[in-house]
Amino acid sequence: DQQVKQNSPSLSVQEGRISILNCDYTNSMFDYFLWYKKYPAEGPTFLISISSIKDKNEDGRFTVFLNKSAKHLSLHIVPSQPGDSAVYFCAAKSGSARQLTFGSGTQLTVLP
Amino acid sequence: NAGVTQTPKFRVLKTGQSMTLLCAQDMNHEYMYWYRQDPGMGLRLIHYSVGEGTTAKGEVPDGYNVSRLKKQNFLLGLESAAPSQTSVYFCASSTWRGAGGSYEQYFGPGTRLTVT
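Protein chains in written order, with this note's numbering: chain A, 1 to 112; chain B, 113 to 228.
For the record, the hints were derived by calculation from the structure and aren't laboratory data. This structure is a prediction, so every number in the text was calculated from the model and none was measured. Treat the hints with care, as some may be off.
Said to hold, decoys possible - Simulated crosslink set (DSBU-like; lysine-lysine; CA at most 30 Å straight-line):
#	chain 1	residue 1	chain 2	residue 2
1	A	K37	A	K93
2	B	K182	A	K93
3	B	K182	A	K56
4	B	K126	A	K93
5	A	K71	B	K169
6	B	K169	A	K93
Claimed, not checked - Calculated Cβ distances over 12 Å to all of chain A for the following chain B residues:
#	residue
7	T127
8	D138
9	N140
10	S206
Ideal Cβ placement from N, Cα and C applies to all residues, glycine included.
Using the sequences and the hints, build the whole thing.
Quick look at the structure:
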């Protein structure tokens, strides 16, 4: 039973346009959400996070939106750059747990 | 400050052989984790540790053992490797900043293991 789902295995966008990566979750106890970025042959690196008390968090070109009623979060990248091409994982944590539950990832390809 | 390092980077084992993967972190983090990544499966937690001398099972612990004898090191052992354990293994560490605080896990570069 996947508690964190990324239903799109891949996404292609043109350079300069917006990339929108989506993530759905089923566990209503999740209260903290993160996005990680992963290049081939490297470990995942933290990108941006959001607490469940917020509905938006912005960091430069990256914005994460949280819709708690829909149990949905999304990552917006504007403008997209070729260097953003990577696998993006969303992850979630509940309460005082010191564990993350990861989605299966979305491969983003930004075309020049 | 190297962050999280993993040894080795690559390894090929025959079925039934054993090996130990080493993870080290220099950030004085209390928590350490071992994940495996398989195509289409994301990152699945194998075992984790909330402090020196303590370990706990994650989502997919079967066939693996772990030890955390020192705060900075977390070892993952395969006693009798099977082809199903062919995967990329990632170690991560984190710290706790209290309820409402930020929480990120920092990952190592991974170990690619092939079991033939």
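- Take a quick look at D138/B and tell me if its Cβ sits farther than 12 Å from every Cβ on chain A, holds or violated. Label holds. Min Cβ-Cβ 15 Å, cutoff 12 Å.
- Message: Hint check: K71/A vs K169/B, CA-CA at most 30 Å. Holds or violated?
- Response: OK: K71/A and K169/B at ~27 Å, within 30 Å.
- Message: K37/A and K93/A were given as a pair; does the straight-line alpha-carbon distance stay at or below 30 Å?
- Response: Cα-Cα ~17 Å, so holds.
- Query: Are K126/B and K93/A close enough, with their CA atoms no more than 30 Å apart?
  - Reply: violated (37 Å)
- Query: Do the alpha carbons of K182/B and K56/A lie within 30 Å of each other, as the hint requires?
  - Reply: violated (39 Å)
- Looking at S206/B again, its CB stays over 12 Å from all of chain A? violated (7 Å)
- Is the Cβ of N140/B farther than 12 Å from every Cβ of chain A? Label holds. Min Cβ-Cβ 15 Å, cutoff 12 Å.
- Message: What's the verdict on K169/B and K93/A, does the C-alpha distance respect the 30 Å limit or exceed it?
- Response: holds (17 Å)
- Message: Checking one constraint from the list: CA of K182/B to CA of K93/A, max 30 Å. Satisfied?
- Response: Distance ~26 Å between K182/B and K93/A Cα, so the pair holds.
- Status of T127/B, Cβ more than 12 Å from any chain A Cβ: Answer for T127/B: holds, closest chain A Cβ roughly 25 Å.
The structure fails hints 3, 4 and 10 (numbered hints given earlier, in ascending order).
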